[in-house]
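Asks: Residue numbers (the working numbering): 790 to 999.
Treat the hints with caution; some may be incorrect.
Said to hold, decoys possible - Simulated restraints, written as ranges between beta carbons of each label pair:
hint	residue 1	residue 2	range
1	Asn936	Leu998	41 to 49 Å
2	Thr827	Asp981	24 to 32 Å
3	Glu797	Glu897	19 to 27 Å
4	Glu825	Gly919	22 to 30 Å
The hints are simulated quantities; they were obtained by calculation from the structure and are not laboratory data. We treat Cβ as the ideally placed atom computed from N, Cα and C, and that holds for glycine.
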Amino acid sequence: MIDLSDLERDTITELINIGVGRAAASLSEMVDQSVELTVPSISFVQRFSDANLIAAPGEVVSAVTQSFNGPFNGDALLVFPEKRSLELVRRLLQVDVPLDSLGDLEQEALMEVGNIILNACLGSISNILGHPINCSMPIFRKCETRNLMPDACPPGTSETETTAPFLLILHVQFMLRENDIDGYVLFVMDLDSIQTLKRMVNRYLENALG
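All chains, full assembly: derive it from the sequences and hints.
Replies: Structure representation (structure tokens):
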């Protein structure tokens, strides 16, 4: 399992929180209104079903996915339950139309939101730790939560029998004027990549603390 000290966990959270702040500023400029993103809460899980997401297993979610590679590799996802993603799109586009009429606009708008948020988070980690991270073009998906990705450790399979990835879960709350809209940022990395991130964080702390 992933064994992080409180200091390591706090540092990773702060690295990503810096990116979240930059994303909030970019989104505020894009929609010409105040957008706040809360300090992300962080957790690791080994099965996607253990992530305790805001959507039930059979609920449809909208997700933007980007692969990344560098000193560590993985996938970054921005996930919203469908109704909340459509409400977010309506508020971002400042259009007062029924939610069921936003289908054609949803993909383009959420791709832009995902690109801003995911790149800001990864860019913050890259800049502060001093290692470049390359990102793919974002991909939009709409599917049931249980089909978003396979379990990292399938039932009946021990940790030693699989090299499947872990999930680093970040819960971020979006606040646009009157409504709060919950979303999740997921970083999917294998154990080697997470251990590499941990080593880099410790080197950063050693330099910072002198």
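Asks: So, for every hint listed, does it hold in this structure?
Replies: Do the hints match the structure? See the list:
no. : hint                           : verdict
1   : Asn936 with Leu998: 41 to 49 Å : holds (44 Å)
2   : Thr827 with Asp981: 24 to 32 Å : holds (31 Å)
3   : Glu797 with Glu897: 19 to 27 Å : violated (38 Å)
4   : Glu825 with Gly919: 22 to 30 Å : holds (29 Å)
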